[in-house]
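Participant: If you want the building blocks of each chain, they are given just below.
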Amino acid sequence: MKGKTYVWVRARTDVSGVITPEALRLHDQTLPIDRVTDRRAAHATKAGGQGTRYTVHVGPRQLYLFLDEDRRWFVEEERNVREIPYYD
Amino acid sequence: MRTILHSDCNSFYASVEAAEDPALRGLPVAVCGDPALRHGIILAKSTLAKKCGVLTGEAIWQAKQKCPTLVLVPADQRKYLLYSRKMRAIYRRYTHFVEPFGLDESWLDVTGHSLTGEEIAAQIRNSAKEELGITVSVGVSFNKVFAKLGSDMRKPDATTVITVENFKDKVWPLPAEELLYVGRATKRRLARLALYTIGDLACADDALIRAVLGKNGEMLQRFARGQDEAPVLCAEEAEEIKSIGNSTTTPHDIRDEAGAKAVLYLLSDSVAARLRAHRLACRTVSVWMRDSELNGQERQCRLGQISDSGSDIARAALSLLREHYHWHLPLRSLGVCGSDLKSTEHMVQLPLWTPPKVLRERALEGALDDIRSRWGHNAIRRGLMLCGAATQDLNPVDDHDLQALSAMRGRG
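In order, the protein sequence lines correspond to chains A and B. Throughout the first sequence, residue numbering follows this note's numbering, covering 523 to 610 in sequence. Throughout the second sequence, residue numbering follows this note's numbering, covering 147 to 558 in sequence.
Read the hints as simulated data drawn from the structure, not as lab findings. Hints should not be assumed to be uniformly reliable.
What the hints assert, rightly or not - Every beta carbon over 10 Å from chain B, so not counted as near; a handful from chain A, in silico:
# : residue
1 : Met523
2 : Arg562
3 : Ala564
4 : His565
5 : His579
6 : Val580
7 : Leu589
8 : Arg594
What the hints assert, rightly or not - Only some residues are given here: those of chain B computed to face chain A with a beta carbon under 7 Å:
#  : residue
9  : Glu166
10 : Gly199
11 : Leu201
12 : Gly203
13 : Glu277
14 : Leu278
15 : Asp437
Bear in mind that the values here come from a model prediction, so they are computed numbers and not experimental data. Idealized CB from N, CA, C, for every residue including glycine.
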């Protein structure tokens with residue numbers, strides 16, 4: 523089961539307000555983003571939630587990077603822990 | 147002929163929870179109040195929970211008896227508001243005639259759009275799934291009543307088209323209570339006339355309906371015949387707020403600044419709480435003063451930066467009062483108004499350095515909102531309110547002692 527991992531991102535904002543991520547830090551590694559091939563409003567199908575989904579290429583890897591309503595960036599990662607508290 | 151859509155988010159609260167946490171998918175889910183606060187009832191349920199017989203409004207233990215595997219999720223209004231706003235943003239891609247009906251339903255008037263109603267419905271359903279992870283049912287018809295009926299006919303994630311040609315086949319066989327505004331009482335009265343379906347109501351004698359159900363009956367009969375002409379209101383634009391103000395005539399005349407200060411803080415807190423509730427902040431503050439001889443005056447000033455804080459508004463109001471009121475007569479009424487409103491939903495330009503005192507005030511006001519929303523307005527007050535006799539008996543929320551400023555301005 524996948525969950526959200528919030529990440530540090532360096533991004534560029536152009537004069538028209540378009541945000542383009544340039545690098546992200548994952549597992550203590552800062553990874554440059556080579557290309558952004560898509561940008562759209564999307565549901566994070568694996569981790570839950572929604573936001574602006576960027577399809578980014580980091581070396582040979584393609585991954586989805588989300589910018590949520592609270593202006594936080596996250597990626598979807600394998601997870602075992604249930605994060606939301608439920609009533610018994 | 148108009149093209150009206152009615153879009154209904156399926157099991158909205160439970161669907162939002164499942165969209166936020168995929169682990170909930172495929173489980174019977176119910177959204178409920180907090181049992182620790184004695185709010186432990188079912189507020190909404192997923193399709194699976196509904197199949198087990200779980201009902202909205204019943205106690206958690208009753209629901210658990212029917213469905214032992216039921217997953218109970220605490221309600222999170224902030225999330226539902228967010229998804230509701232995002233859904234409306236999707237609707238507005240097609241028309242600005244979007245009339246919300248609660249958080250999870252909206253009518254859209256898409257008359258004259260290059261796409262057909264059915265095509266737009268399909269796109270909306272697709273966007274809801276892809277962008278938000280929730281499903282919607284859409285009714286497409288030529289009036290609001292039939293569009294709503296259509297959205298109820300097939301669930302989840304479906305489009306139902308009701309046309310002038312097919313409405314007698316599709317709508318008329320339905321039980322009368324499916325029609326908008328036919329509640330239990332009306333259903334009983336219709337049943338006494340042996341009118342059980344929408345078709346029965348449509349074909350019934352006009353005079354009989356008018357005699358038994360009055361004007362309301364005539365309206366329902368028009369609905370059943372597909373003659374509903376009500377427009378889709380562009381509600382969000384119509385209700386765009388220009389200013390938020392409150393005023394009050396105090397139980398006793400105000401004779402000094404200390405008394406006025408207490409009233410201004412009371413009014414400002416109320417204005418600020420309403421601003422925050424609408425996610426707005428004001429740039430301009432005005433004070434309206436009326437003396438015991440009913441002479442009124444209004445003065446305004448601009449704040450250094452936009453604010454939704456009661457303290458900021460009160461300070462500005464007090465300085466206006468000091469500057470412009472000279473106590474030749476006692477004050478009878480006071481009003482405070484915030485205008486030049488800006489939305490705080492998106493990013494707000496903050497000053498480079500905010501004094502810790504201001505940060506503490508903001509946190510405090512957030513806590514006040516929270517306490518008052520749970521325990522009522524008088525559960526907590528500023529100490530200042532205890533000083534002036536003028537403010538002691540005022541309760542701006544529960545008693546409606548405070549009035550919209552516009553109402554007061556109009557009076558002598």
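Participant: Beyond 10 Å from every chain B Cβ: check whether that's true for Met523(A).
Facilitator: violated (6 Å)
Participant: Restraint: Asp437(B) near chain A, CB-CB cut 7 Å. Satisfied or not?
Facilitator: violated (48 Å)
Participant: Non-interface claim for Arg594(A): all C-beta distances to chain B beyond 10 Å?
Facilitator: Its Cβ never comes within 10 Å of chain B, the nearest being 13 Å, so this holds.
Participant: Checking the smallest CB distance to chain B, is His579(A) really beyond 10 Å?
Facilitator: His579(A) clear of chain B: closest Cβ-Cβ about 21 Å, beyond 10 Å.
Participant: When the nearest CB of chain A is found for Leu278(B), is that gap smaller than 7 Å?
Facilitator: holds (5 Å)
Participant: When the nearest CB of chain A is found for Glu277(B), is that gap smaller than 7 Å?
Facilitator: holds (4 Å)
Participant: Under 7 Å is the threshold here; is the Cβ of Gly199(B) close enough to any Cβ of chain A for the hint to stand?
Facilitator: violated (20 Å)
Participant: Confirm or reject: Ala564(A) is not an interface residue toward chain B, with every Cβ-Cβ distance exceeding 10 Å.
Facilitator: Non-interface label fails for Ala564(A): nearest chain B Cβ at 6 Å, not farther than 10 Å.
Participant: Taking the closest Cβ pair, is Leu201(B) under 7 Å from chain A?
Facilitator: violated (18 Å)
Participant: Does Val580(A) clear chain B by more than 10 Å, comparing its Cβ with all Cβ atoms of that chain?
Facilitator: holds (24 Å)
Participant: Beyond 10 Å on every Cβ pair: is that true for Arg562(A) relative to chain B?
Facilitator: violated (8 Å)
Participant: Grab the minimum beta-carbon distance between His565(A) and chain B and tell me whether it stays above 10 Å.
Facilitator: violated (3 Å)
Checked against the numbered hints given earlier, the structure breaks hints 1, 2, 3, 4, 10, 11, 12 and 15 and satisfies all the rest.
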